[in-house]
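Please construct the entire structure, taking both the sequences and the accompanying hints into account.
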Amino acid sequence: MSRIDYRGLAALDAVVEHGSFDKAAAALSITQSAVSQRLRMLENQAGELLLLRSQPPQATAAGHRLIAHYRQVRLLEAALDRANSSGAGRPELAIAVNADSAVTWLQEAVTPLMETGDCMLHITMDDQDHTLAMLREGRVFGCVTSETAHVAGTTATPLGLMRYHCLASPGFAARWFPDGLTAASVQTAPALDFNRKDALMARFIAQATGYQGRYPHHSYASSEGFVRFLEAGFAYGMAPHLQCAAQLAAGTLVDLAPGLVLDVPLIWHMWDIQTPFTSALSAQVIATARRWLLQPAL
1 MSRIDYRGLA
11 ALDAVVEHGS
21 FDKAAAALSI
31 TQSAVSQRLR
41 MLENQAGELL
51 LLRSQPPQAT
61 AAGHRLIAHY
71 RQVRLLEAAL
81 DRANSSGAGR
91 PELAIAVNAD
101 SAVTWLQEAV
111 TPLMETGDCM
121 LHITMDDQDH
131 TLAMLREGRV
141 FGCVTSETAH
151 VAGTTATPLG
161 LMRYHCLASP
171 GFAARWFPDG
181 LTAASVQTAP
191 ALDFNRKDAL
201 MARFIAQATG
211 YQGRYPHHSY
221 ASSEGFVRFL
231 EAGFAYGMAP
241 HLQCAAQLAA
251 GTLVDLAPGL
261 VLDVPLIWHM
271 WDIQTPFTSA
281 LSAQVIATAR
291 RWLLQPAL
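Residues 1 to 298 in full-length UniProt numbering are what the sequence shown spells out, letter by letter.
These are computed hints drawn from the structure, not numbers from a lab. Bear in mind that the values here come from a model prediction, so they are computed numbers and not experimental data. Yeah, the Cβ is synthetic: ideal placement off N, Cα and C, and Gly gets one too. A few of these clues could be false.
Said to hold, decoys possible - Here are the simulated distance ranges between beta carbons:
no.: 1; residue 1: 27; residue 2: 179; range: 56 to 66 Å
no.: 2; residue 1: 77; residue 2: 182; range: 51 to 61 Å
no.: 3; residue 1: 180; residue 2: 26; range: 54 to 64 Å
no.: 4; residue 1: 157; residue 2: 77; range: 17 to 27 Å
no.: 5; residue 1: 36; residue 2: 195; range: 28 to 38 Å
no.: 6; residue 1: 156; residue 2: 263; range: 12 to 22 Å
So this is what it looks like as structure tokens:
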């Protein structure tokens with residue numbers, strides 16, 4: 001592609017962002033047929049399919065690469081507009097974080113940026129093993145992840161370790177784990193996972209008992225509600241020390257495997273884009289996370 005058609009890129013980005021051609025047309029203030037025409041021209045120029053016409057429409061791998069490029073250009077243009085005082089709009093930044101970071105240290109990290117109101121921040125939550133896909137697809141500018149895979153055009157900065165305990169209420173522990181956490185007990189006791197992608201419990205069970213098969217479990221995609229469900233005696237589950245230290249001290253939760261923990265390394269990945277807002281946000285995320293998370297010994 002010799003010269004990039006930015007009107008076509010805007011149409012591609014809008015269709016993927018809004019999930020339909022008609023909503024993309026409304027967002028761009030053009031007709032639906034104009035959106036389709038711009039996409040066809042962009043695909044002809046690229047020489048390959050950029051958008052799967054599914055419900056909702058999905059970008060191909062090549063489409064995601066172009067969307068990522070387009071969003072990076074928009075960030076740089078917004079920074080220039082602000083520097084020249086010629087832009088009325090506010091820059092928008094999108095990041096993805098795991099839910100446990102969101103409920104513990106993230107608010108402190110984003111407070112300086114959000115208090116000014118000069119930049120709009122969009123925060124998406126997903127499992128720490130899956131947020132990097134959003135960065136790779138161009139859906140976010142930065143992400144907190146446990147993945148170490150390198151993505152071209154990005155930088156990766158270690159943040160520290162989030163420590164997890166396997167917890168339950170005292171009554172639940174007495175009923176389901178009278179002999180402690182064993183391979184037999186985990187095959188009958190109901191566990192609580194965050195969602196279907198959550199692999200923390202399976203990893204810990206294998207580490208603590210050697211059992212690697214299926215186990216009965218509920219799922220509840222709420223970090224704050226997750227701990228309350230454990231306290232209520234509905235299930236046992238993995239919770240970060242940052243969130244459950246008070247409950248452990250008060251005795252409303254007990255550690256099912258004292259001395260055994262699961263330390264999850266968290267990494268900040270971000271596009272190689274240096275604007276005042278991206279630099280400020282990145283610096284705050286790194287500094288704040290390192291104050292809260294465990295730092296491995298050198």
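Checked hints:
no.	hint	verdict
1	27 x 179: 56 to 66 Å	holds (59 Å)
2	77 x 182: 51 to 61 Å	holds (59 Å)
3	180 x 26: 54 to 64 Å	holds (59 Å)
4	157 x 77: 17 to 27 Å	holds (25 Å)
5	36 x 195: 28 to 38 Å	holds (35 Å)
6	156 x 263: 12 to 22 Å	holds (18 Å)
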